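Colleague: One line per chain: the protein sequences are C, L, R and F, in this order. Residue numbering for the first sequence follows my numbering, beginning at 1 and increasing consecutively. Residue numbering for the second sequence follows my numbering, beginning at 296 and increasing consecutively. Residue numbering for the third sequence follows my numbering, beginning at 591 and increasing consecutively. Residue numbering for the fourth sequence follows my numbering, beginning at 886 and increasing consecutively.
Check the hints yourself; a few may be wrong.
Said to hold, decoys possible - Lysine-lysine pairs mimicking DSBU-like chemistry, simulated, CA-CA at most 30 Å apart:
id	chain 1	residue 1	chain 2	residue 2
1	F	1084	R	848
2	L	398	R	848
3	L	540	C	199
4	F	1040	F	988
5	F	1040	C	245
6	C	217	F	1143
7	L	374	L	398
8	C	155	L	494
9	R	789	F	1130
To be verified - Quick list of the computed label-pair ranges, beta carbon to beta carbon:
id	chain 1	residue 1	chain 2	residue 2	range
10	C	199	R	642	49 to 57 Å
11	L	492	F	1121	49 to 57 Å
12	L	435	F	1141	53 to 61 Å
Because the hints were derived from the structure by calculation, they are not lab data. If you're wondering where the values come from, they're calculated on a predicted model, not measured in any experiment. Built from N, CA and C at the ideal position, the CB exists for glycine as well.
Number of protein chains: 4
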Amino acid sequence: MQTIAFIGLGHMGGPMAANLLKAGYAVRAFDLSQASLDAIVAAGGTRAASAQDAVAGAQVVISMLPASQHVEGLYLDGKLIESILPGTLVMDCSTIAPESARKVHAVAAARGIPMIDAPVSGGTAGAAAGTLTFIVGGEVANLERARPILEKMGKNIFHAGGAGAGQVAKICNNMLLAIHMIGTSEALSLGVANGLDPKVLSDIMRVSSGGNWSLEKYNPWPGVMENVPASREYEGGFGVDLMLKDLGLAMEAAMASKSATLLGGVARNLYAMHSGRGNGKKDFSSIQQLIEKMP
Amino acid sequence: MQTIAFIGLGHMGGPMAANLLKAGYAVRAFDLSQASLDAIVAAGGTRAASAQDAVAGAQVVISMLPASQHVEGLYLDGKLIESILPGTLVMDCSTIAPESARKVHAVAAARGIPMIDAPVSGGTAGAAAGTLTFIVGGEVANLERARPILEKMGKNIFHAGGAGAGQVAKICNNMLLAIHMIGTSEALSLGVANGLDPKVLSDIMRVSSGGNWSLEKYNPWPGVMENVPASREYEGGFGVDLMLKDLGLAMEAAMASKSATLLGGVARNLYAMHSGRGNGKKDFSSIQQLIEKMP
Amino acid sequence: MQTIAFIGLGHMGGPMAANLLKAGYAVRAFDLSQASLDAIVAAGGTRAASAQDAVAGAQVVISMLPASQHVEGLYLDGKLIESILPGTLVMDCSTIAPESARKVHAVAAARGIPMIDAPVSGGTAGAAAGTLTFIVGGEVANLERARPILEKMGKNIFHAGGAGAGQVAKICNNMLLAIHMIGTSEALSLGVANGLDPKVLSDIMRVSSGGNWSLEKYNPWPGVMENVPASREYEGGFGVDLMLKDLGLAMEAAMASKSATLLGGVARNLYAMHSGRGNGKKDFSSIQQLIEKMP
Amino acid sequence: MQTIAFIGLGHMGGPMAANLLKAGYAVRAFDLSQASLDAIVAAGGTRAASAQDAVAGAQVVISMLPASQHVEGLYLDGKLIESILPGTLVMDCSTIAPESARKVHAVAAARGIPMIDAPVSGGTAGAAAGTLTFIVGGEVANLERARPILEKMGKNIFHAGGAGAGQVAKICNNMLLAIHMIGTSEALSLGVANGLDPKVLSDIMRVSSGGNWSLEKYNPWPGVMENVPASREYEGGFGVDLMLKDLGLAMEAAMASKSATLLGGVARNLYAMHSGRGNGKKDFSSIQQLIEKMP
Chain C
1 MQTIAFIGLG HMGGPMAANL LKAGYAVRAF DLSQASLDAI VAAGGTRAAS
51 AQDAVAGAQV VISMLPASQH VEGLYLDGKL IESILPGTLV MDCSTIAPES
101 ARKVHAVAAA RGIPMIDAPV SGGTAGAAAG TLTFIVGGEV ANLERARPIL
151 EKMGKNIFHA GGAGAGQVAK ICNNMLLAIH MIGTSEALSL GVANGLDPKV
201 LSDIMRVSSG GNWSLEKYNP WPGVMENVPA SREYEGGFGV DLMLKDLGLA
251 MEAAMASKSA TLLGGVARNL YAMHSGRGNG KKDFSSIQQL IEKMP
Chain L
296 MQTIAFIGLG HMGGPMAANL LKAGYAVRAF DLSQASLDAI VAAGGTRAAS
346 AQDAVAGAQV VISMLPASQH VEGLYLDGKL IESILPGTLV MDCSTIAPES
396 ARKVHAVAAA RGIPMIDAPV SGGTAGAAAG TLTFIVGGEV ANLERARPIL
446 EKMGKNIFHA GGAGAGQVAK ICNNMLLAIH MIGTSEALSL GVANGLDPKV
496 LSDIMRVSSG GNWSLEKYNP WPGVMENVPA SREYEGGFGV DLMLKDLGLA
546 MEAAMASKSA TLLGGVARNL YAMHSGRGNG KKDFSSIQQL IEKMP
Chain R
591 MQTIAFIGLG HMGGPMAANL LKAGYAVRAF DLSQASLDAI VAAGGTRAAS
641 AQDAVAGAQV VISMLPASQH VEGLYLDGKL IESILPGTLV MDCSTIAPES
691 ARKVHAVAAA RGIPMIDAPV SGGTAGAAAG TLTFIVGGEV ANLERARPIL
741 EKMGKNIFHA GGAGAGQVAK ICNNMLLAIH MIGTSEALSL GVANGLDPKV
791 LSDIMRVSSG GNWSLEKYNP WPGVMENVPA SREYEGGFGV DLMLKDLGLA
841 MEAAMASKSA TLLGGVARNL YAMHSGRGNG KKDFSSIQQL IEKMP
Chain F
886 MQTIAFIGLG HMGGPMAANL LKAGYAVRAF DLSQASLDAI VAAGGTRAAS
936 AQDAVAGAQV VISMLPASQH VEGLYLDGKL IESILPGTLV MDCSTIAPES
986 ARKVHAVAAA RGIPMIDAPV SGGTAGAAAG TLTFIVGGEV ANLERARPIL
1036 EKMGKNIFHA GGAGAGQVAK ICNNMLLAIH MIGTSEALSL GVANGLDPKV
1086 LSDIMRVSSG GNWSLEKYNP WPGVMENVPA SREYEGGFGV DLMLKDLGLA
1136 MEAAMASKSA TLLGGVARNL YAMHSGRGNG KKDFSSIQQL IEKMP
């Protein structure tokens, strides 16, 4: 069985690494948090003293870090890439700027290290359940080599294109998600203010041309749907600040390509306004509270 | 079999009336266009000399008109309501302001005339095929009386609430439709500008959290999906100017209720900009052409 | 000296009528509020029992009412126009929809009654001080006949064009005002969040290409400028709900002409959001509080 | 007289350096373009073989470069800062990200090199005429040392605050400029579509509460004002792509500080849309052509 170096054991990385251990892989883990490391050791992993230590002797390297600067900091500025043997498969599962992903890809390729960018969706619940979605950028051969491992952590695997394409696709998807979540919130507020019942309106729009994932799986109006954050005071789920980060990546990508993203831009600014009011840790469907009239 | 007065035989009303004839109803039709009247007479209908003439002796009155002023003009200013016998069922299938619908409801109710507002979605294709969706406002008993007739023209019938609620629900739905159509266009433009294939990106987002009706049924990028307006130069379908009209109704409703519809407002203005460039008759998915860079 | 019928003695109309009395005009006043009527009688005016009573024997009629429906209600539905003698000059100083203004103009013209629409800016302080600005629509000859009277209530008089043009110009101006007020708020928030002093930044932008009336006369950041609402907790001045009403008129005008007003639309929706949080009575520069991060 | 190293002789830098020569300074110039260097040598300057060569023996270093990456590339990656003697005054007049400016400030400070960031406004005409505005970030003592030199190139000098503050203030100002330019365009389009004369409406709004620099100095409607780009088919002036760049800097700053810039975001996206239609080189007031209905 292969040895996997796993760097970054946060809310997502921790349960992902645990699923690899359950599947029988040897995992050499590193994180700055000793508590996170303790947890993975308790689950059967090996504690590495540093990222360099983690990759020594590993056939696969997985990283799951918060942002572009951490990924560039690890592989490039921190020169981890120089400690990785040619032929070792590198999978970065962080959500970062496509440009950053491409930089790391290029340096890896120059050293004969196959790499994929494989950002995920599905949240901490999906990480724990092993039902994440991976959106992969990189060569098909590298994705195929990664697939058996990805399948231990997730159930949907998409190939978006070459280096960085996984990041681009995830960013586009999440911008669209923010847009239809806000649009759904606006439609519900408008309907309720004009006398409709939010559940009745949701049921109509869900199966009509207004239909979208927010209505189907994640209704933002409290009480319309059970077992969604809106029905537990917007706790859990995908946080406002994480959506704000992803919308920031979308704006950066739009600026790089001089693309027009009118609704994406308004969405980003509404999430910034909402976060600035102390809602950064709430679920992103709480944007309903910004749209809906309340003192 | 009941006699139905049918007023307004345009692109939608014509085929709707034809389906009622096919189902065996007697239809007394009126329209200002003789050509439209000729067509319905050829299909077995009776030509009425005026709206008043049409309703004489009918058990049911259906109207399908372009805008609020026509409906108010017909029933109230034109005093048609005074020619309709108490107990006659009135169904207005036009898409109009909820306030206008409620005015007509109130006058009808005062005269003992049961009424529903029953705006449709599904376009001219749905009207011809008898597969429209009706979103109904009014009392349940009146909807149940209308149901056998509606089922000859459509396949989905929703009860949105009391008088005017059908209009509110349709307006909310179409605002949300415009938002996710533009959002989808922005996501596709952003992805393609950053190197992705539009079909691959569409396939990923469709089954991910970005999923929505525009991606599922009506992809706006030319060539991604067969048999949609985007793949025939945006011909047919639901026109830009019709969407602009519905977004105008949404803005009016938002002003009446002092609701905040940020994305809805931007959507309305982008469709106005697009229409102003000579695209009013194109399908509404052609908003992709406004978003996408092109000289 | 002429007798002037003055209808509508609210926060604006009351002091305007008082200035006419000071200038020696005979004023026959009507308002639904007895307290308002008492005040104008105390200032030397005559109490009329109704609008019809007020116009009897007057050479000039001035109305100052809240919204389109009141003006149409008064002159058209209430048939006041039938009580006004041909040749009597009618000045409507309300801010209403251009379409409503044109309707009243048309009916007046048909009866040989010269009319101008003359909406004002300058707020209650300007009304009291007699320093209002009048933006006038109608024939030049009618404006010239009105000028001596307008000059008793204001100091700037603009001729915008024909019937309704005063309303159009005021609506355009106030939409632009809302846009640069919000823009100024955004620039100040952005600068302060990035380390600048709001007064220093205001001073720089005021004399640079960012310069605008909000920076010059009405800085929205508390403490930057003395004697403005921002420095007294946004009390007094021009209320959020009044701006919201004017932006609603702008949106209606944009819909009538199919114009694209992207920033105007966002401005309208931000004011709706701000009003919906209980700020309707605050000065409109309090939009700074919506833009600025605060819990 | 002091020797000034001048790096970057483009449309702005060239005439700025020429003004220093006219004022009697010795200028050691460097640019990648030989033609630009030839021009400055013809004006009395000295040709340097490299940036390092230019700063050798200079008491002052001025840089005027297109973007953040060029300034960081020059001083930091290109290590020019190591060739500059302690005590030499460095003025970077480029418009760049505040964060980039602060990075260079910090490295300079660590080596005992006083520095100011001094982005300009006033365009190429102002650069030629020596009437630029400088918005300066850095210590007051350094600004005072720079002042005699800045006064040879401009007439207004503002101190915005510490390191990077000049950039922040310029970015805020230009975002506000874009907003009131678009707002003015929207107001003019709305007014004209509703029957007003653009010059009459401009005159009214200019002296009313809608007043702003765009109306005062730079009316975007063709023919309203002489000697502005709108009256010469939007040629000359401040280009769309330059405004798009500055709005990109504003968005980056907003993302760094999690600020909400709703109108700024829409402005950025409208300029992107306008640029994407082949208008990148036109004057930025040509946004009127995007707002105004035209096929």
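Colleague: Is residue 374 of chain L within 30 Å of residue 398 of chain L, Cα to Cα?
Modeller: holds (13 Å)
Colleague: Does residue 245 of chain C sit within 30 Å of residue 1040 of chain F, going by the straight-line distance between their CA atoms?
Modeller: violated (41 Å)
Colleague: Take a look at whether the Cβ-Cβ distance between residue 199 of chain C and residue 642 of chain R falls inside 49 to 57 Å.
Modeller: holds (51 Å)
Colleague: Hey, residue 1084 of chain F versus residue 848 of chain R, does the alpha-carbon distance stay inside 30 Å?
Modeller: Since the Cα atoms of residue 1084 of chain F and residue 848 of chain R sit roughly 21 Å apart, the hinted pair holds (cutoff 30 Å).
Colleague: Does the structure keep residue 540 of chain L and residue 199 of chain C at a Cα separation of 30 Å or less?
Modeller: Satisfied, since the Cα-Cα distance of roughly 26 Å is no more than 30 Å.
Colleague: Is residue 155 of chain C close enough to residue 494 of chain L, meaning Cα to Cα at most 30 Å?
Modeller: Holds, at roughly 21 Å.
Colleague: Run the distance test for residue 789 of chain R versus residue 1130 of chain F: straight-line Cα separation, threshold 30 Å.
Modeller: holds (26 Å)
Colleague: Just to be careful, I want the Cα atoms of residue 398 of chain L and residue 848 of chain R compared with a cutoff of 30 Å; is the pair within it?
Modeller: holds (26 Å)
Colleague: Do the beta carbons of residue 492 of chain L and residue 1121 of chain F sit within 49 to 57 Å of each other?
Modeller: Cβ of residue 492 of chain L to Cβ of residue 1121 of chain F: about 41 Å, so the range 49 to 57 Å is violated.
Colleague: Within 30 Å, alpha carbon to alpha carbon, are residue 1040 of chain F and residue 988 of chain F?
Modeller: holds (28 Å)
Colleague: Please check whether residue 435 of chain L and residue 1141 of chain F have a Cβ separation lying inside 53 to 61 Å.
Modeller: holds (55 Å)
Colleague: With a cut-off of 30 Å on the C-alpha distance, tell me whether residue 217 of chain C and residue 1143 of chain F pass.
Modeller: Status holds; Cα separation ~29 Å.
Hints 5 and 11 from the earlier list are contradicted by this structure; the remaining hints agree with it.
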